[in-house]
Amino acid sequence: MKSCKSCKVKIESNNNICPLCKTVLTDLDETIIDDIYPTIKTNIHKYNLITRLFLFLSILGALVTVIINYATYNGLLWSVISIAFILYSWSIISNAIKNNINIAYKILVQTICISLLTIIIDNTIGYTGWAVNYVVPELIITANITVLILTIINRMNWYNYVLYQLAIAILGFIPIILFFCGIIHEPWSTTISVIVSFMVLCGTMIFSDKNVKSELKRRLHF
Amino acid sequence: MNNKFNYETKWFKLDNTAIIFPVISNKRLSSVFRVSVTLKQEVILNTLEESLEKTLLCFGNFRVKLKRGLFWYYLETNKKVPLIQQEQDYPCTFIDSVSNNQFLFKVTYFKKKINLEVFHAITDGEGAINFLKALTFNYIKLANKNDLSKQALKIPCVEVFSDTEDSYIKNYKKVNFKGMKIKKAYRMVDKKIPLSIVSTIHGYIDTNNLLNLCRKKNVTITQYLSAILIWCIYKEYLNGQSNKYPINISIPVNLRNFFGSTTSTNFFSIFSVGFTPEREEYTFDEVLEIISKQFKEQLTKENLSKKISLNVSFEKNIFIRCIPLFVKNLILKIIFKISEKTSTSVLSNLGKIDVPDEFKKYIDSFSLSLGITESESVKCGVCSYGNKLVCTFTSKFETPYLERAFFRYLQSEGIDVVIESNGVHNEEL
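Line order of the protein sequences matches chains A and B. Anchor point for the first sequence: position 178 equals 876 in my numbering, and the numbering is continuous, going up by one each time. Anchor point for the second sequence: position 198 equals 304 in my numbering, and the numbering is continuous, going up by one each time.
Any given hint might turn out to be false.
What the hints assert, rightly or not - Not close to chain B: a few residues of chain A, all C-beta gaps over 10 Å, as computed:
| hint | residue |
| --- | --- |
| 1 | 804 |
| 2 | 808 |
| 3 | 843 |
To be verified - Cut-off 25 Å, straight-line C-alpha distance, at most; resulting in silico cross-link-like pairs (DSS-like, lysine-lysine):
| hint | chain 1 | residue 1 | chain 2 | residue 2 |
| --- | --- | --- | --- | --- |
| 4 | B | 173 | B | 186 |
| 5 | A | 915 | B | 116 |
| 6 | A | 915 | B | 422 |
| 7 | A | 708 | B | 186 |
| 8 | B | 412 | B | 434 |
| 9 | B | 447 | A | 739 |
| 10 | B | 185 | B | 171 |
| 11 | B | 413 | B | 119 |
| 12 | A | 708 | B | 218 |
| 13 | B | 502 | B | 297 |
| 14 | A | 911 | B | 186 |
| 15 | A | 708 | B | 341 |
| 16 | B | 289 | A | 915 |
| 17 | A | 908 | B | 186 |
| 18 | B | 447 | B | 434 |
| 19 | B | 173 | A | 908 |
| 20 | A | 739 | B | 133 |
| 21 | B | 116 | B | 422 |
| 22 | A | 915 | B | 171 |
| 23 | A | 796 | B | 133 |
| 24 | B | 171 | B | 422 |
| 25 | B | 289 | B | 447 |
| 26 | B | 422 | B | 280 |
| 27 | A | 720 | B | 502 |
| 28 | B | 171 | A | 908 |
| 29 | B | 185 | A | 911 |
| 30 | A | 915 | B | 186 |
| 31 | B | 322 | A | 706 |
| 32 | B | 297 | A | 720 |
| 33 | A | 739 | B | 413 |
| 34 | A | 804 | B | 171 |
| 35 | A | 706 | B | 341 |
| 36 | B | 447 | A | 911 |
| 37 | A | 796 | B | 171 |
| 38 | B | 186 | A | 796 |
| 39 | B | 434 | B | 276 |
| 40 | B | 146 | A | 915 |
Source of the hints: derived by calculation from the structure; they are not laboratory data. In this text the structure is predicted, and so the values were computed from the model without any measurement. The beta carbon of each residue, even a glycine, is placed where N, CA and C say it ideally should be.
Produce the complete structure using the sequences and hints provided.
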């Protein structure tokens, strides 16, 4: 036990300095006490260099393309496409390559991101509607089928995928809404996308077991 | 393994106060608090693991992982086994569930000390102390099989088995939601310690001495300590000058006794006491009188019941329920940012911790450390066991002005204080 003559309190410490006021302590009985806290080594340089570097390069790249595009402008805003690609690569970094994220969720996010990306490209190089007419419906069909295969292979863990599976299935109905709004003109890909989605919804309802149903109840409780 | 197919996963909704914690928590604001017990013998890892396994069976709300629904977060049974490690972090650091087998609590040990760090979404101070007590009893029973009498070995480790009721909903009375007044409070500003370092200073006080002094002044220990805390902020950080913002201390209250609940999930409420230094040179007794009066006014069952009902009515509102989670998170974050400004610091008193006589000789002390936030950079956790009351200050400030003033004041009132720290203030940073 030690004592601090400024604070007038007793101190339990092997150190000779008062933790309250830094006065040098007076030792009362010269005992060595057990530390109650470990010495902790903090890593001061612990920050993610790769992420920061990538962020810096993203901003730099975007800026450079905008400037070059502006300087050599000939009616085509191609820098929008490169910025869209930079943003898309961030979706890969933050979602697709991480290993603790549900794979069905990755498929959902990638479907949405790639759809947006193609729509942006289509719009930038002069709208012809190839993205919404062909790419988006086919992407949704592929995503639906991929998750379906996933659930068949990994039947025990179906309940882990079911929420995202339903979300992708619901996405499949967007083309038909766009069709009736007059944005999509191609009936076949839209029809197939709707049919696949509808079958996935039906299949989930018919084949889902107790686990899947209780998972849905949990996820959707409000 | 037939039950692998038929076994339905158990799940809970987050209780009313727990809703906020998953939203606001990150590495900077951990929403974690720590309760520790210091034993009289060194902790043995294997025995601790065995006793944790036993203890978990009695606490359904600890055996969970946090999941995200479309509208709310929820807790789901976690079938993994929790990890126990030797203490290697500062108190109350953020619990990264991925590296923690998805558990929302962490048990660590160091020499004679067992720490339980808890993410506030699963339980409050009382729930955590009950868990720690159960863990300690199980540990003592296993480690001292031969010393303990047959009767002592039969003492149950919990009083109530796995009660996970949401007592907020249970005690809710329908009210009309009225807007709350937000009054900004004074905020202590000083140079902070870099990185994730947290300073911890324990002050050990003789409970009887303090109790006698409080009796003389006709106040409770919590009232007295919070008055000292406010007084020290007033003296140290405001230099005894007047200020337009009040110095407000948030005090968590355990609602179990008020409403007769035994739940091991959250069941607490926070009320705020404080005073606005309108003129200069208040005396301590004036402050103590203002504070103890506020305690008496606010700590009534009607008042607390009104608070619960107000909070639950937010959760029960049909419009709020239908908002998707990510939008709800934004709203809650804004509400939290605003409400955070109304408090200068926190003083949490867990009260007296009782232990069966048979186990008393194995336990030295309990302590409570609170996780700090950006705006509340010093917090004080109090609990007492036997004749030892422990005031623990966790702080982010480089110089411990508040702690120093607090303990010096107690000492000047004739109450002996023994200080122990985690040594942050002595380190060369």
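We went through each hint and held it up to the structure:
1. Under the 10 Å C-beta cut-off, the non-interface status given to residue 804/A relative to chain B holds; the minimum distance is some 15 Å.
2. Residue-level check passed: residue 808/A sits 19 Å from the nearest beta carbon of chain B, beyond 10 Å.
3. Every Cβ of chain B is farther than 10 Å from the Cβ of residue 843/A; the closest lies at roughly 24 Å, confirming the non-interface assignment.
4. Distance hint between residue 173/B and residue 186/B is fulfilled; the C-alpha atoms sit about 15 Å from each other, no more than 25 Å.
5. Between residue 915/A and residue 116/B the CA atoms are separated by roughly 12 Å; this keeps the pair inside 25 Å, and the hint holds.
6. The hinted pair formed by residue 915/A and residue 422/B meets the criterion: a straight-line CA distance of about 18 Å does not exceed 25 Å.
7. Our distance criterion of 25 Å between C-alpha atoms is broken by residue 708/A and residue 186/B, whose separation comes to about 45 Å.
8. Between the alpha carbons of residue 412/B and residue 434/B the distance comes to roughly 24 Å, so the proposed pair stays at or under 25 Å and holds.
9. A C-alpha spacing of about 33 Å is found between residue 447/B and residue 739/A, which places the hinted pair above 25 Å, so the restraint is violated.
10. Between residue 185/B and residue 171/B the alpha-carbon distance is near 9 Å, which keeps this suggested pair within the 25 Å criterion.
11. Among the hinted pairs, residue 413/B with residue 119/B is consistent with the structure: their alpha-carbon atoms are about 20 Å apart, no more than 25 Å.
12. A hinted pair counts as satisfied when its Cα atoms are at most 25 Å apart, and residue 708/A with residue 218/B qualifies at roughly 21 Å.
13. Our distance criterion of 25 Å between C-alpha atoms is met by residue 502/B and residue 297/B, whose separation comes to about 9 Å.
14. Under the criterion of a C-alpha separation no larger than 25 Å, the hint pairing residue 911/A with residue 186/B is consistent with the structure, at around 23 Å.
15. Among the hinted pairs, residue 708/A with residue 341/B is consistent with the structure: their alpha-carbon atoms are about 23 Å apart, no more than 25 Å.
16. Note on residue 289/B and residue 915/A: the hinted pairing is violated, with a Cα-Cα distance of about 41 Å set against a maximum of 25 Å.
17. Between residue 908/A and residue 186/B the CA atoms are separated by roughly 22 Å; this keeps the pair inside 25 Å, and the hint holds.
18. Distance restraint check for residue 447/B and residue 434/B: the Cα-Cα separation of roughly 21 Å lies within the 25 Å cut-off, and the hinted pair is therefore satisfied.
19. Proximity of residue 173/B to residue 908/A is assessed by CA-CA distance (about 19 Å); at most 25 Å being required, the pair is judged to hold.
20. Taking the CA atoms of residue 739/A and residue 133/B, the gap is about 17 Å. The hint holds against a cut of 25 Å.
21. For the given pair, residue 116/B sits about 22 Å from residue 422/B by alpha-carbon distance, which is consistent with the 25 Å threshold.
22. Distance restraint check for residue 915/A and residue 171/B: the Cα-Cα separation of roughly 17 Å lies within the 25 Å cut-off, and the hinted pair is therefore satisfied.
23. Restraint check for residue 796/A and residue 133/B: satisfied, since their Cα atoms lie roughly 19 Å apart, inside the 25 Å limit.
24. Distance hint between residue 171/B and residue 422/B is fulfilled; the C-alpha atoms sit about 24 Å from each other, no more than 25 Å.
25. Using a Cα cut-off of 25 Å, the hinted pair residue 289/B and residue 447/B holds, with the two alpha carbons roughly 8 Å apart.
26. Restraint check for residue 422/B and residue 280/B: the C-alpha separation of about 10 Å stays at or below 25 Å, so the hint holds.
27. Restraint check for residue 720/A and residue 502/B: the C-alpha separation of about 17 Å stays at or below 25 Å, so the hint holds.
28. At roughly 20 Å between alpha-carbon atoms, residue 171/B and residue 908/A fall within 25 Å of each other, so this suggested pair holds.
29. The suggested pairing of residue 185/B with residue 911/A holds, with an alpha-carbon distance near 20 Å, which does not exceed 25 Å.
30. Our distance criterion of 25 Å between C-alpha atoms is met by residue 915/A and residue 186/B, whose separation comes to about 23 Å.
31. For the given pair, residue 322/B sits about 23 Å from residue 706/A by alpha-carbon distance, which is consistent with the 25 Å threshold.
32. In summary, the hint linking residue 297/B to residue 720/A is supported, as the alpha carbons are separated by about 17 Å, within the 25 Å threshold.
33. Between residue 739/A and residue 413/B the alpha-carbon distance is near 43 Å, which puts this suggested pair outside the 25 Å criterion.
34. Proposed proximity of residue 804/A and residue 171/B is supported: the alpha carbons are some 21 Å apart, at most 25 Å.
35. About 19 Å separates the Cα atoms of residue 706/A and residue 341/B, which keeps this hinted pair within 25 Å; it holds.
36. A threshold of 25 Å between alpha carbons decides the hint, and for residue 447/B with residue 911/A the separation of about 43 Å lies outside it, so the pair is violated.
37. Between residue 796/A and residue 171/B the alpha-carbon distance is near 20 Å, which keeps this suggested pair within the 25 Å criterion.
38. With a CA separation close to 22 Å, the supplied pair residue 186/B and residue 796/A stays within the 25 Å bound.
39. Distance check on the hinted pair: residue 434/B and residue 276/B sit about 24 Å apart at the alpha-carbon level, within 25 Å; holds.
40. For the given pair, residue 146/B sits about 48 Å from residue 915/A by alpha-carbon distance, which is inconsistent with the 25 Å threshold.
Of the numbered hints given earlier, the model fails hints 7, 9, 16, 33, 36 and 40; all others are met.
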